[in-house]
Every structure is written in structure tokens, then in C-alpha cells.
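K.L.:
Residues per chain, in single letters:
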Amino acid sequence: MQDWIKVVKLEDIPRAGARVVRTPGGDIAVFRTDEDEVFALNDRCPHKGGPLSQGIVAGRKVTCPLHGWNIQLDSGAAVAPDEGCAANHAVKVEAGVVYLAASAFVPVPQPAKIACAGH
Amino acid sequence: MKRMKLVMAGNGMAGVRTLEEVLKLAPDLYDITVFGAEPYANYNRILLSPVLAGEQTIQDIMLNDEDWYREHGITLHLGKKITQIDRVARKVIAEDGTSAEYDRLILATGSQPFILPVPGKELQGVISFRDIHDVDAMIAAAQQHKHAVVIGGGLLGLEAANGLKQRGMEVSVVHLSEYLMDRQLDPTASHLLRQSLEARGLKFLLGKQTSELLGRDGRVTAVRFKDGEETPADLVVMAVGIRPNTELAEAAGIHVNRGIVVNDTMQTFDPRIYAVGECVSHRGIAYGLVAPLFEMAKVCANHLAQMGIGRYQGSVVSTKLKVTGIDLFSAGNFMGGAGTEEIVLSDPMGGVYKKLVLQDNKIVGGVLYGDTVDGAWYFQLLREGRNIADIRDHLMFGQSHLGDTGHLGQNKAAAMSDEMEVCGCNGICKGVIVKAIKEKGLFTVDDVRKHTKASSSCGSCTGLVEQILAFTLGGDYSAQPKTKSLCGCTDHTHEEVRQAIREHKLLSIPDVMKFLEWRTPNGCATCRPALNYYLLSTWPHEAQDDPQSRFINERAHANIQKDGTYSVVPRMWGGMTTPSELKRIAIVAEKYHIPAVKVTGGQRIDLLGVKKEDLPNVWAELDMPSGHAYGKAMRTVKTCVGSEWCRFGTQDSTQMGIDLEKAFYKMWAPHKVKLAVSGCPRNCAEAAIKDVGVIGVDSGWELYVAGNGGIKTEVAQFMAKVKTAEEVLEYSGAFLQIYREEAWYLERTVHWVARVGMDYVKQRVDDAEGRKTAYERLQFALQAEKDPWLERAKEGVAKHEFEVLTV
Ligand code: SRM
Ligand SMILES: Cc1cc2nc3c(=O)[nH]c(=O)nc-3n(C[C@H](O)[C@H](O)[C@H](O)COP(=O)(O)OP(=O)(O)OC[C@H]3O[C@@H](n4cnc5c(N)ncnc54)[C@H](O)[C@@H]3O)c2cc1C
Ligand code: SF4
Ligand code: FES
Chain A
1 MQDWIKVVKL
11 EDIPRAGARV
21 VRTPGGDIAV
31 FRTDEDEVFA
41 LNDRCPHKGG
51 PLSQGIVAGR
61 KVTCPLHGWN
71 IQLDSGAAVA
81 PDEGCAANHA
91 VKVEAGVVYL
101 AASAFVPVPQ
111 PAKIACAGH
Chain B
1 MKRMKLVMAG
11 NGMAGVRTLE
21 EVLKLAPDLY
31 DITVFGAEPY
41 ANYNRILLSP
51 VLAGEQTIQD
61 IMLNDEDWYR
71 EHGITLHLGK
81 KITQIDRVAR
91 KVIAEDGTSA
101 EYDRLILATG
111 SQPFILPVPG
121 KELQGVISFR
131 DIHDVDAMIA
141 AAQQHKHAVV
151 IGGGLLGLEA
161 ANGLKQRGME
171 VSVVHLSEYL
181 MDRQLDPTAS
191 HLLRQSLEAR
201 GLKFLLGKQT
211 SELLGRDGRV
221 TAVRFKDGEE
231 TPADLVVMAV
241 GIRPNTELAE
251 AAGIHVNRGI
261 VVNDTMQTFD
271 PRIYAVGECV
281 SHRGIAYGLV
291 APLFEMAKVC
301 ANHLAQMGIG
311 RYQGSVVSTK
321 LKVTGIDLFS
331 AGNFMGGAGT
341 EEIVLSDPMG
351 GVYKKLVLQD
361 NKIVGGVLYG
371 DTVDGAWYFQ
381 LLREGRNIAD
391 IRDHLMFGQS
401 HLGDTGHLGQ
411 NKAAAMSDEM
421 EVCGCNGICK
431 GVIVKAIKEK
441 GLFTVDDVRK
451 HTKASSSCGS
461 CTGLVEQILA
471 FTLGGDYSAQ
481 PKTKSLCGCT
491 DHTHEEVRQA
501 IREHKLLSIP
511 DVMKFLEWRT
521 PNGCATCRPA
531 LNYYLLSTWP
541 HEAQDDPQSR
551 FINERAHANI
561 QKDGTYSVVP
571 RMWGGMTTPS
581 ELKRIAIVAE
591 KYHIPAVKVT
601 GGQRIDLLGV
611 KKEDLPNVWA
621 ELDMPSGHAY
631 GKAMRTVKTC
641 VGSEWCRFGT
651 QDSTQMGIDL
661 EKAFYKMWAP
671 HKVKLAVSGC
681 PRNCAEAAIK
691 DVGVIGVDSG
701 WELYVAGNGG
711 IKTEVAQFMA
721 KVKTAEEVLE
731 YSGAFLQIYR
741 EEAWYLERTV
751 HWVARVGMDY
761 VKQRVDDAEG
771 RKTAYERLQF
781 ALQAEKDPWL
791 ERAKEGVAKH
801 EFEVLTV
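Read top to bottom, the protein sequences are chains A and B. Residue numbers for the first sequence, in my numbering: 1 to 119. Residue numbers for the second sequence, in my numbering: 1 to 807.
Bound-form chain A, shown alone (with noise of 0.2 Å):
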């Protein structure tokens, strides 16, 4: 069974925007694309470290502040020919309102390079 936190309304993330969770495992970017999905990743780009919530999001995309780096919203996976990935983290939206996994608040130390599923 999934344990689900309420973080915040979708009406308070700006459309193609994010927002930031702060938790004990560190920063986590909260995600609304231009037709409402919502996605959620470790607010750490894996090139080097820039906050992912503070870019540009197009399409299912958003690209890093620091260098320019896309990274894929539903993988983490960052964009050919570019390698690496930011931690994905289970989201729901029920009644306007944004769920996020329980598990994503668990502090988990993180190794230096995460590979994607399916990458």
C-alpha cells in the first residue's frame, strides 16, 4: 500500500510551473505542465545539481536554469545526448488537490549517478 502526503493545490502551481516540497531528504520540485499533469522529481539536475524547479517546463520537459540541460518530467531521465537522471517520486492529483508518495519524504542517501529505469 502507497502512503499519500498532501503537499499542495493544484490551483497553486503555476501551469507550466513548479513548485518546491522541502523534505528531510532534501528539495523536491513538484511539477504542472501546460495541460495539467503533474510530476514530481528530486529538485537536483544530474548534471550538477542545479534546481530543476526553477527552469522552463515545455511540453513533458523542463530545462535546467544552470546550463540548459532538458530533463524528461515523467523519467527524470535527462534528454539525449545528455546522460542522467533525477530521482522520480510518485504524485497523484485527486480534487484538486497534489499527493505525493510517502516514500519520497524517507531520507535515502543518494549515489552519485542515478541511472533511469529503462535507460
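Do not rely on the hints blindly, as some may be mistaken.
[Claimed, not checked] Label pairs and their in silico Cβ distance ranges:
hint	chain 1	residue 1	chain 2	residue 2	range
1	A	Asp12	B	Gln544	19 to 27 Å
2	B	Thr713	A	Asp12	43 to 51 Å
3	A	Ala95	B	Asp623	22 to 30 Å
Simulated from the structure, these hints should not be mistaken for laboratory data. Glycine included, each C-beta is placed from N, C-alpha and C at the ideal position.
Given chain A, put chain B with the ligands in place with the hints provided.
P.N.:
Just chain B with the ligands now, with coordinates in the frame of chain A:
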């Protein structure tokens, strides 16, 4: 919708490039079928020379393997030559009877090597140099035989000769003219080339005409010349030229005249049938290098994708020889002639020779031998038809001599070792770039940028990357077309987008994307900020700002730092401050534990390392307006002390600077804009390298524009001399407004003025009525702008931006 059928004859470099472009533009429009006479998928023919020389393998030079065709749903018939086109039934038929129907057909049949019509030409061991099959035959021959004769001392012949020599054969090159590569080199350069090839052990038989090939038991044994002499040969490679492969087209009744005749949209006389590549004759010219063929491919794809905007208008080509260790470059009219002048630098002992041919102060051709690092630059000047009068005295010493090198002396591209860093911003070394170019088959600076990130940041190493590309690819390098699309989401240029927004009164980003048929649903991080700016600058008060389409700095109104914190640079009008401002800065810095306080190069103070959530409070407590240090906006106006204090001051430059800064504060622009005002020509405020520089003189003010102190320092150009402070405001304001309305996003004034010309700018600003109305338009636009810090600190605008969520 039912897809149309697209069939292609020939899967060589030009044809497959066309398909790649079609797939990019209209991936779902066609069912594609390809016939290739060779049994191989798409490979890089150019690199057959390094394969022959043993520097690369066939696997290294594949561009698109069979999987690629499968992944894109393309039906591929390898080893099947099309022999017939039935234009009535609209189908093609191959040798073995395989047929395919088409709605559109591309002929990309390349060319055929020309075979001298001499007795013995059909003997075994007589081959040409065109495809993998030929290279295999040469490699096999080199293992068993000793004597090779290459007929033809042009580019291809010399590359074949070099390769065979590397494979251990004794090689003689036979050439009709007294000079090697006489179609690309003048006698001096040709002589130098011959010397260095002789030093590598090649033999030359110049001024010789082949009359017969002699053989025994069906295999070639010697070459006989018209003068009766003979030379032994176990292998003869004919490299005496190519002929467009037009057999198929001719048989189908398509108009052919030394090439399949096409118009500027790459259509043959049958409009359903397109032709691209070496088989084509365009405006009477058949090309034999890939750069023009790739341009054709782009245009052809554009039409196949039903965009109908591209036109191919012919190309100027340049040549390099791909023999490792020999640097040679040639372009245009390198021989000169009546009405031309020449600049020559000749150092035969040092192995360097350079000649530029000029006509009416423009480069029309040139030959470089031994030191070709500036080839790309000269070629660019040639193609742009740039008037070189002003740089003529340095021209020969190359681009670096003009101070154009950026940071690393990039015109050493060829000499650089693989570990040397090229892109300082992204830490990319030369080896990484060369590897990516070779492994991923990259052809343009944009490709390199995408794959390696080199030159994607500050851009100062673009020239170097370009040279590495040109050097790695040889003549295969095609420089960026000047009219580039805004980004990958569209084919429209900046200019076309600006025009559409203006003429059709588009007011929002979705409107623009819909009207101009953007390929992506909501753009990307490149086009959205540009569109947002174009909308706001074209329709002030009417178009809505879209914060989500702004780079974080402009959305948060502070500069993001490498650790995710922000810097805060409050405005200090004209560089003036007060004790009470300084006290507030000190208190805020201590209260919010701001780790660094620095005086900037823009005459004000930077607070670095502020946490995002503290920004609104920091702004509120500073109680100073936003310095826009983060924006494509009006930055600072630097001033000197001027006539108020300085013993040389002629005008009150400080007050003038404050007035300018207050007048243009909050102004968004295509790029950042910096001003300076100096009180006399000693110019202590460095006005000569600013977007607008104002210099006080006894009789008034001199105005200079389009200076730049950044990546490439450029001195500002004189625009006007005026008497009063009001005029300074009006002239500067008008200049800036025209820049805001007409420049492309991310184009600084220096680049914009270089593009449109200083004469144009002067003409616009000298026109009293036009100047006045432009200045009024600027003032009107600025009325809409509020101080972003005040709004956020005191009025709670965009609160969500600064709040972190906790649970
Ligand atoms: C803070 C400052 C350095 C300092 O400590 O003195 C600075 C800092 C940055 N400069 Fe600068 N520049 C600063 C004065 C300059 C100057 C000098 C001047 O303005 O007189 C120049 C040369 C003049 C010019 O622009 O023509 C300058 C030329 C650049 C350039 C190259 C621009 C070009 O067109 O070639 C960039 C890169 C860019 O804009 O793309 C740049 C970019 C940057 C960025 C924004 C890099 C970035 O993208 O993050 C730095 C932001 C640091 C921050 O977060 O605060 N900075 N930069 C100066 C701020 C001045 C101010 O008060 O606003
Ligand atoms: C050794 C060598 C070195 C070169 N070096 C350079 C260089 O440094 N720089 C440069 O710019 N250019 C260079 N070139 C030239 C460059 O390779 C050509 O300009 C380019 O490959 C031509 O492309 P294309 O698509 O028109 O023809 P090709 O690449 O020749 O493709 C045509 C294909 O169509 C096939 N075909 C023909 N007729 C039919 C038919 N009826 N049915 C089915 N298939 C058919 C052919 O078999 C061939 O595979 C070099 C060429 C060679 C051979
Ligand atoms: S402040 Fe300017 S010069 Fe210094 S590192 Fe940053 S961009 Fe480069
Ligand atoms: S930290 Fe994200 S691109 Fe460099």
C-alpha cells in the same frame, strides 16, 4: 488520413539526408520506400578515403544502418537498381522486377566515375574510386600486388594514391596537366603540394596522356602513354572525373542536360519527381561536394513536407584535401585575372603559402597551403561578399589578428591536441568534439552544440568549434545558412515571426504558435522567451506577459547562482549612492546572512548568495528599486564625476547618467542594454564600449552606439552630435526603441547594427519626425512597467514563486 507514397532511387548521402529532413518536418506524411543499387545501407562516402588509408573502418563510416530504416518504417530494397520509371502508372521497377508505386519520387542516383575510353579499360585490376566495393578491391590488390598507378591528379586521385601508399604499394600518379589539382590550386600551391607528397614517397608522371592499358591473362600489367613510355601497373585507379548518373531519368523521358535539370525547388520537369545530389543540374551547374547537396536536401524536404518556402539558389564551394598532415584550402576564383588584385604571403621554406584574390574590395577566391586555419573565415567573408577595405591591412594575418579569437587562440584548431579545452564554459576538450563529429556523423555547429554542449553557453568558442568541424570533415562542412529558424519547433525565422506578430496583431504565445503552425504543443526554452519578448515589445499594454516563458532570472527578478541561491543588485542611479542606502545594505546583508557583498563592474553593489525565500524581504528592507541585473533589460548607466567636480569636466555627466537611467529604467530589450556617460573625451566611464555611450564635449554631447565590452570587444560607432540633455534623451531613446522593435531576441546592439548597418541606423535617427515618434513609442511602452521588486515585496505579486512548501 491515408499516407502518400514517397519512393527514392539511390540511398546515398544526398538522398538520405533529404529523408532525414522530411522525417523531421512531416514524420507522418509519407510511406517511404528506398531502392539502393549498392548492397549497403547509408554510409559516408567522403570517408572512403580514410578507410582506404587504414585510418577508419567501414563500420566507422555508416551514417544510418538498416535499423534506422526499420525504426522509421522505411521499406528498404538493398542491392536493387531501379531500371524503369513508369510515369503514367506512377511506379518504379527494379532490375529484379521489384516495383513500387509513388505519389512523389526522389531521384538521388549520384554520379558515375568517368572511365577513359582507352584500349584495355576492361582488364582486371582497372577500377575507379567511388564506393565500398572499389575500396575493398583496392585493399585486396594492395595485399597481393606491388605497383599501383592512379590516373588523375585531382582531389580524389591524390586521396586514392595516398591511401594505396599507406597500404604499402608503390604508387605513381599520372596527370594530364603539369600541375596537380589544377582545378583547385594555382601553380605555386600545386608545387608545394607535390613536394610534400613526393616526400611521402609518391611518384608523379605529369603532363602525360594515357593511350593504352596493357595486360596479360586478362589482368593489367602496365600503362602506356602517348609519348610511347610505359610504367608497370598491377592496379590502375581511374580518378579522372565524374558524370551525373542520369541514365534512369533519361530513359523515363525526364529532361537532362549534363545532369537532371531541376528548378529552385528541386523539381524536375515532371513536378511529382524531385532530384537531389550529384545527379542534378541546377542553373547549369552539377555539384560534386556534399555541402551544396545538403542544402538541396533541405529545400527538397521542405517542399515534400508541403511547407513550400525553401528555395535553392546555388552554392559557392570550397575544397580541402583529406590527406592527413597536408593542409590545403581553396575556394572561388583562386587564379585571379583581369580586374582582380592579389595579396600573397609566401614562405616556401616554411611550407606556407597563402593567396587571396580580391575584386572591388571583396574576396572572390583564395588558396591556402600549409596553414589553413583561417580558411573558414575567408570563405565566410567570400560568401557574405563582405567589403574588406577596413581590415585589408591585417587580412592576410588571419582572424586572430583582428582580435576575434575569444579566449583561447582558437585558430590553432588543427594544431591543438585532443586534451586541450575548447569550450571553457562546459569543459569540453577538442578530442570529445572530434569524437562526436566522427561517431555521430555531425555536420553543423548546431549538431555539435546539441551533442557536446560545446559553444552552447557563452558562445565565444563558436569560431573554434567551427574550425574543428571544418578540419574534421574537410570539404564536407557546410556553414550555417544565415537565415536560421528560430528554434527546432518551427522553420520560421526571427524576422518572419516578428512580422507575423505585427501584421496579424497576435497577442499571446498560443496565438503565435497556432498561426505559424508550431511543431510542438507549447514550444521550448528557446522560443518561448523570444516570443514573449516579441509580443510585449510589439503590443505594449495589450499583450500579456507570460512569466512561465521567462528564464528564471526574469521570473524571480534576481540572478540564479551556481548553488541555487540568488544575487540581488539594487539600482544606484548613475552609480550614485547615499549613506542611508549603504546603511540599509549593511543591515540587510547581516540580517539575512548574505555571504558576499561585492562592488560590480557596473558601478553598484551586488549581494550574493541570498536564499530564494528571503528575496521579497530583502527587497522590502533594502527599499531600493530593482537593478534589473538579471534581465534582458536596461542594466546600468555608468557615469564619471563630470563637470561638478572634475577639473577637466565639460558637462554634468553624472546628472545626465541619472536622467538616462531614470528615463529607461524597467525597459525590456532583445538583450541587455548598458549605457555610460563621460564628462569629457578622457572617457572615464568607458562610454566607448557601451550600447549607448555619451561623451560630453565643450559644445554639447557626442552619441556613440553599438559598442560592446563583452565576449568580443567592439568600439561604439558615432551616431550623432547634439547640444542639449533633452536631445541626448530623445536620440538615445529613439535608437533603443528601434532596436527593441527590430532586433532579434538575444541580439545585442552591436550584432543588430552589424546586421542592418550603421547607415540604416543613422538614417532612422536623423529623421526628426521618425525619431520623435520612436521616442514616444518607448515612453508609451514604459508606462506599463512597474518596479518588479516593489510589486513583489510590498504588493504580494507572485507569492507562490518564493514560498517553499513544507508538510
Ligand atoms: C556582477 C557582474 C560582475 C561583477 O561582479 O562585476 C556580472 C556578472 C555576470 N555577468 Fe557580466 N557582470 C557584470 C558586468 C559586466 C560587464 C561590465 C559592464 O557592464 O560595464 C560586461 C562587459 C560589458 C558588456 O556587456 O558589453 C559584462 C559582460 C557579460 C557578458 C558578455 C556580453 C556580451 O554581449 O558579450 C555576459 C554573457 C551574456 O550576457 O550572455 C555576462 C553575464 C553575466 C552573468 C549574468 C552570468 C550569468 O548568466 O549568470 C553574471 C551574473 C552574476 C550574478 O548573478 O550576479 N556578462 N558583464 C557585473 C554586473 C554589473 C551590474 O552592476 O549590473
Ligand atoms: C572517395 C571520395 C571522397 C570524397 N571526398 C569528399 C570530400 O572530402 N568532401 C566532399 O564534400 N565531397 C567528397 N566526395 C563527394 C561526395 O561523396 C559526393 O558528393 C556525395 O556522396 C554525393 O551524394 P549523392 O547522394 O548525390 O550520391 P551518392 O552518395 O553516390 O549516392 C547515390 C547512390 O544511388 C545509387 N544508385 C544509382 N542509381 C540507382 C538506381 N537506378 N537505383 C537505385 N540506386 C541507384 C548508387 O549506387 C549510390 O549508392 C568524395 C567522394 C568520394 C568517392
Ligand atoms: S561574472 Fe562574468 S566574467 Fe565572471 S565568471 Fe561570471 S560571466 Fe564570467
Ligand atoms: S546543473 Fe542542470 S544543466 Fe548544469
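K.L.:
Each of the hints needs a verdict: does it hold here or not?
P.N.:
Taking the hints in turn, this is what the structure says about them:
1. A:Asp12 with B:Gln544: 19 to 27 Å: 20 Å, holds
2. B:Thr713 with A:Asp12: 43 to 51 Å: Check passed, 47 Å falls within 43 to 51 Å.
3. A:Ala95 with B:Asp623: 22 to 30 Å: 42 Å, violated
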